[in-house]
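There are 2 protein chains.
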Amino acid sequence: MPTLVDIAPAPAQVADLVAAGLVRAVEVMHAQLRTSVGEVEQLVRLAERYHGKMLRPAISMVSAIASGPLSGEVGPIDESDPRFHRVATIGAVIELIHLATLVHDDVLDHAEERRGGPSVNALKGNEQSVILGDYLLSKAFHLCARLDAEAGTRCAIRVGEITSTVCEGEILQLSHRGDAELTRDTYFNIIERKTAALIAVGCELGAVLSGAPQSVADALYRYGMNLGTAFQIQDDLLDLVGEERLVGKPLGRDLELGKLTLPLIHFLETGGSEAQAVLAQVRSGAELDAPARRRLVQRLEDCGSLDYARTMASDLVADARLAIEALPDSPARTYLLDLASAVIERAF
Amino acid sequence: MPTLVDIAPAPAQVADLVAAGLVRAVEVMHAQLRTSVGEVEQLVRLAERYHGKMLRPAISMVSAIASGPLSGEVGPIDESDPRFHRVATIGAVIELIHLATLVHDDVLDHAEERRGGPSVNALKGNEQSVILGDYLLSKAFHLCARLDAEAGTRCAIRVGEITSTVCEGEILQLSHRGDAELTRDTYFNIIERKTAALIAVGCELGAVLSGAPQSVADALYRYGMNLGTAFQIQDDLLDLVGEERLVGKPLGRDLELGKLTLPLIHFLETGGSEAQAVLAQVRSGAELDAPARRRLVQRLEDCGSLDYARTMASDLVADARLAIEALPDSPARTYLLDLASAVIERAF
Chain A
1 MPTLVDIAPA PAQVADLVAA GLVRAVEVMH AQLRTSVGEV EQLVRLAERY
51 HGKMLRPAIS MVSAIASGPL SGEVGPIDES DPRFHRVATI GAVIELIHLA
101 TLVHDDVLDH AEERRGGPSV NALKGNEQSV ILGDYLLSKA FHLCARLDAE
151 AGTRCAIRVG EITSTVCEGE ILQLSHRGDA ELTRDTYFNI IERKTAALIA
201 VGCELGAVLS GAPQSVADAL YRYGMNLGTA FQIQDDLLDL VGEERLVGKP
251 LGRDLELGKL TLPLIHFLET GGSEAQAVLA QVRSGAELDA PARRRLVQRL
301 EDCGSLDYAR TMASDLVADA RLAIEALPDS PARTYLLDLA SAVIERAF
Chain B
1001 MPTLVDIAPA PAQVADLVAA GLVRAVEVMH AQLRTSVGEV EQLVRLAERY
1051 HGKMLRPAIS MVSAIASGPL SGEVGPIDES DPRFHRVATI GAVIELIHLA
1101 TLVHDDVLDH AEERRGGPSV NALKGNEQSV ILGDYLLSKA FHLCARLDAE
1151 AGTRCAIRVG EITSTVCEGE ILQLSHRGDA ELTRDTYFNI IERKTAALIA
1201 VGCELGAVLS GAPQSVADAL YRYGMNLGTA FQIQDDLLDL VGEERLVGKP
1251 LGRDLELGKL TLPLIHFLET GGSEAQAVLA QVRSGAELDA PARRRLVQRL
1301 EDCGSLDYAR TMASDLVADA RLAIEALPDS PARTYLLDLA SAVIERAF
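Protein sequences, first through last, are from chains A and B. Residue numbers for the first sequence follow our numbering, so the first one is 1 and each next one is one higher. Residue numbers for the second sequence follow our numbering, so the first one is 1001 and each next one is one higher.
Honestly, I wouldn't trust all of these hints.
Claimed, not checked - Far from chain B by the CB rule (all over 12 Å, computed), these chain A residues:
(1) Ala15
(2) Leu22
(3) Tyr50
(4) Pro118
(5) Val278
(6) Asp329
Claimed, not checked - Covered stretches of chain A (in silico footprint by chain B; criterion: 3 or more residues with CB under 8 Å from a CB of chain B, positions within the stretch not fixed):
(7) 28 to 41
(8) 103 to 117
(9) 124 to 135
(10) 141 to 148
(11) 152 to 166
Source of the hints: derived by calculation from the structure; they are not laboratory data. Where is the CB? At the ideal position from N, CA and C, for every residue including glycine.
Please model the entire structure based on the sequences and the hints provided.
Listed below in structure tokens is the structure:
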């Protein structure tokens, strides 16, 4: 079976259609980013290097296929269906927004690397990166506004809403940098907004554009929220215990940037004076070398903090799977179930 | 006569309606920026201090009123007309986009002040400013997507298009910082995109939302492009010859940031070896103290470089006025004509 989006093998019936959808989404993105201004073209090329797993458009596409039979129309989506192009387009919109947030995140985090290469800010400076992010956002909204029909307006409203939510998550996170008293509630509030909401809206709009009823769109939104939250916890875990070679960026950055993640929050609640020392490090914003990170990871393991985070992620995956239980059995639904599980099994 | 938007006295019939439109636009903005996240609320408050002249929503509103009689509908817009709310909303959309660009511009320019107070980046850092700008952009697009009817979709498409154009202008400008060989063509390309396009689309969409035919919308777009370009040249002139107290921000910043503006481009073409020295300063990015600025301004005056820029701005104002010649005579049209003239007479 082909390994779609690099994280889970897809059933053949779904794989081909989703692969075609991703090809279409990339074509739509390229066309949307075409510009007559050479200086802009150069910069856009750098951002295009950022797109990796295409996880968001893929999940959106699978959601649409899984919703198709419930639409009251003729049946599941295929490549000749006009809904196919609309879903690929919403995938492109969401990927463009995701790229914009990556470009701006790298400015915020002073990141030098992304996907194993230099970041846009490392190559072109913060100024150009700020505007490049704005450009990608504008292009995303423009593309979304061009979706035809009533469903188009609905998509544009939801995409605008969710992008604001993503920014709220980022602002919350920035406001709590180095905050050793960060609560679990605030942590979840941050990651649900910052990461999960965009994935969730992709699932929801996949269903909407396939013509599914509201109840199906809602179920897929819940699926996406749970999956996205688990995805971010896994990202946070990988920043501690991952292999740099596989993750494709330097590890231990969360601590260096004063971002408290779930294992650390648990450790601070249970780890006593030793945890206070970690807290001091968080506050100082000092660099964390590899041996220090290994010692910390060992202590997190001993205190059950890593297992705590793993369990949380695993519970969320179970909730994601539960959310789409009522969808009729189909290869696409099976794949959504597999994708949810794969999100916390990945090493990259 | 009341001095609307601080730059030109408005005929009474127009003034009241436009003033009501601006009140409505501000209400719409406030409502759109309401959030349950306290950290976001705080940040948004800072951005709201940025809105000053409200020139863009005002011109958009006046454009709508001037277009009304041509719409084939009953006549000019009044406050009870549903078109009134739509036009105020598009004014709010455009002002939000403008605020977003100001917040990001201050990051790009390392500006410490804005409207006589500290900039958001000075108060909260670059990171929060980057995300605040993104938030304002998303909120603008969300508001635009919620405009009802077919005209709403058309507005969303145009606003997305033009915001991309604004970013292209910014990228062009950044790419040519310190470029002593900047041509007039590139200079105009930059300011038309960066400043004029957003004003122009406000005029155009004012006409569209008032129900005017395409030819009127096109005429108002041309009006806005010419007025906006003149507006930016005047801004560039004020950065050299303005009074800091009136302009509300430190002067001489363009040169410090390596931005070549029209008077400087003319000076470099005509000023020989002396101009080369200025060029060297542009390249070094050195600070320009007040006496140095005064000496430079004197030389620009002697070489006719200031007059050259003033004439260009004045020609553009004439073109702006010409663009709306075919509109039927009305107090709103008179006010548009006056506004165009006032743009290059202002000292702030």
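Could you check the structure against the hints above and give me the numbers of any it violates, in ascending order? none
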